[in-house]
Amino acid sequence: MLLTALSINQAKQGKGYAKQAMLLLKEFVTTEFPYCNEIVLAVNHKNIAALQLYGKTGFHVTGKRKIGPIGEQLIVSLKV
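Mind the numbering: the sequence shown is residues 1 to 80 in the working numbering, read in order.
It should be emphasised that the hints constitute simulated quantities derived from the structure, not laboratory data.
In this text the structure is predicted, and so the values were computed from the model without any measurement.
Treat each hint with caution, since some may be false.
Stated by the list, open to error - Dumping the calculated PhoX-like pairs for lysine-lysine here, alpha-carbon to alpha-carbon at most 20 Å: (1) Lys56 / Lys26; (2) Lys79 / Lys19; (3) Lys26 / Lys79; (4) Lys46 / Lys26; (5) Lys56 / Lys46; (6) Lys56 / Lys15.
Could you put together the complete structure from these sequences and hints?
Shown next as structure tokens:
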């Protein structure tokens, strides 16, 4: 499954909402999409906060990279 967007209102950032959402994502996907075995997303290589969030919630950098409209994107995945 490709996760195409996750954004938190700037006024609400730093309160753990994104982390909680990412932690709930695996359960949601396994329940609602039982044949899905992986969640994949791309994140800008300069977005250190997002990379740290994804790492803390079980995602791993795959080593694959893509060039997107706003620069280099790292591909990260989570096995479900």
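Violations among the numbered hints: 4
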